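As a plain string of letters, each chain reads:
2 protein chains.
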Amino acid sequence: MSNIKNSFMLRAIELSIESVNSNGGPFGCVIVKNQKIIAEGNNQVTNLNDPTAHAEIVAIRKASSTINNFNLEGTQMYTSCEPCPMCLSAIYWSHIDKIFYGNTRVDAANIGFDDNHIYEELNKELTLRMIPMEQINKSDAIKAFEKWNLKSDKIKY
Amino acid sequence: MSNIKNSFMLRAIELSIESVNSNGGPFGCVIVKNQKIIAEGNNQVTNLNDPTAHAEIVAIRKASSTINNFNLEGTQMYTSCEPCPMCLSAIYWSHIDKIFYGNTRVDAANIGFDDNHIYEELNKELTLRMIPMEQINKSDAIKAFEKWNLKSDKIKY
Numbered sequence: 018m019s020n021i022k023n024s025f026m027l028r029a030i031e032l033s034i035e036s037v038n039s040n041g042g043p044f045g046c047v048i049v050k051n052q053k054i055i056a057e058g059n060n061q062v063t064n065l066n067d068p069t070a071h072a073e074i075v076a077i078r079k080a081s082s083t084i085n086n087f088n089l090e091g092t093q094m095y096t097s098c099e100p101c102p103m104c105l106s107a108i109y110w111s112h113i114d115k116i117f118y119g120n121t122r123v124d125a126a127n128i129g130f131d132d133n134h135i136y137e138e139l140n141k142e143l144t145l146r147m148i149p150m151e152q153i154n155k156s157d158a159i160k161a162f163e164k165w166n167l168k169s170d171k172i173k174y
Numbered sequence: 018m019s020n021i022k023n024s025f026m027l028r029a030i031e032l033s034i035e036s037v038n039s040n041g042g043p044f045g046c047v048i049v050k051n052q053k054i055i056a057e058g059n060n061q062v063t064n065l066n067d068p069t070a071h072a073e074i075v076a077i078r079k080a081s082s083t084i085n086n087f088n089l090e091g092t093q094m095y096t097s098c099e100p101c102p103m104c105l106s107a108i109y110w111s112h113i114d115k116i117f118y119g120n121t122r123v124d125a126a127n128i129g130f131d132d133n134h135i136y137e138e139l140n141k142e143l144t145l146r147m148i149p150m151e152q153i154n155k156s157d158a159i160k161a162f163e164k165w166n167l168k169s170d171k172i173k174y
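For the protein sequence lines, the chains are A and B, in the order given. First residue of the first sequence: 18, per this note's numbering; consecutive thereafter. First residue of the second sequence: 18, per this note's numbering; consecutive thereafter.
Note that these hints are calculated values from the structure, not bench results. Honestly, I wouldn't trust all of these hints.
No copy is singled out in the list; a pair is fine if it fits within one copy or between any two copies.
[To be verified] The calculated BS3-like cross-link candidates involving lysine-lysine, where the alpha carbons are at most 27 Å apart (straight line), are:
no., residue 1, residue 2
1, LYS168, LYS141
2, LYS50, LYS155
3, LYS171, LYS53
4, LYS50, LYS164
5, LYS171, LYS141
6, LYS168, LYS50
7, LYS22, LYS173
8, LYS53, LYS22
9, LYS79, LYS173
10, LYS141, LYS22
These figures come from a predicted structure and were not determined experimentally.
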């Protein structure tokens, strides 16, 4: 037995399978508004030479373009796998209402996609991370923030 | 006194200031390979209607396109502010060697960019997050992973 939620997820899964056939990673995603799909995405990292082109990011960019708004409030995401930290953060930035997912991060790790490693790195103190981080030019960098702070017509996001 | 590292950071900061002038968020970024800038980015969320268009993501996409590779090993990022979790995760996915940053996440929070809220959400159990997450169609979703696992000519990333 299936309902409309399952049909959206089955489309995301279909995209994930097609993605494997077209040499992308095994991930698919759709974004739904008012019970209609407004954007679809699959993993295109290797096809597009774009490390940010995960299925969810591709779908978010398309959805925002479709509705001409950087704020995706009122939409739901159906993704074939629990989002990685990059995609989950993008979901927060875009204000999507709810996430439906199929596979878990453990399933992803089992086939070689170690998102969990990134989740762990995000939690570490800056000085303990695998990718070193060094602060320089702090007194110069703050100038843009001061300028933003004083700007009266800024568009918040 | 300035050296080449400071000059790269000063360019990132210049981009962050220009970004405020052109109605983007106050963030700029450059990516360097072999002591040369190969990509620049500024925040274009509101200008492009793309919630993922943070300075770092814009620069990563351009750098990958420039060198025709989704793997940015051998590059360094200079970003005017400590990356948010989306951008930091993207840096891990793209294998950038080192991150230089100017402002901190605390500075960002002080002008209304609450990345820290997202860092906290990522740490929570799925069931406790502000954006609800629901698993459906697991037995269907796993099929793409099985297909990927069996694929002999897959391109890892």
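Structure-based check of all given hints:
For a Cα distance limit of 27 Å, the shortest separation of LYS168 from LYS141 qualifies neither inside one copy, at 34 Å, nor across copies, at 35 Å. For the homomeric pair LYS50 and LYS155, the shortest alpha-carbon distance between copies (23 Å) is at most 27 Å, but the shortest distance inside one copy (42 Å) is not. For the homomeric pair LYS171 and LYS53, neither the shortest alpha-carbon distance inside one copy (33 Å) nor that between copies (33 Å) is at most 27 Å. For the identical chains of this complex, LYS50 and LYS164 are neighbours neither inside a copy (37 Å) nor across copies (30 Å), given an alpha-carbon limit of 27 Å.
When the C-alpha separation of LYS171 and LYS141 is checked against a cutoff of 27 Å, the pair qualifies neither within a copy, at 33 Å, nor between copies, at 32 Å. Within a single copy, LYS168 and LYS50 get their C-alpha atoms no closer than 34 Å, and across copies no closer than 34 Å, so neither meets the 27 Å cut-off. Neither within a single protomer nor between protomers do LYS22 and LYS173 lie at most 27 Å apart by alpha-carbon distance, with minima of 32 Å and 31 Å respectively. In this assembly of identical chains, the alpha carbons of LYS53 and LYS22 lie at most 27 Å apart only when taken from the same copy (11 Å versus 49 Å across copies).
Proximity of LYS79 and LYS173 under a CA criterion of 27 Å is satisfied in both settings, with 21 Å inside one chain copy and 25 Å between copies. With identical chains, the CA atoms of LYS141 and LYS22 are at most 27 Å apart between copies only, with a shortest distance of 25 Å across copies and 37 Å within one.
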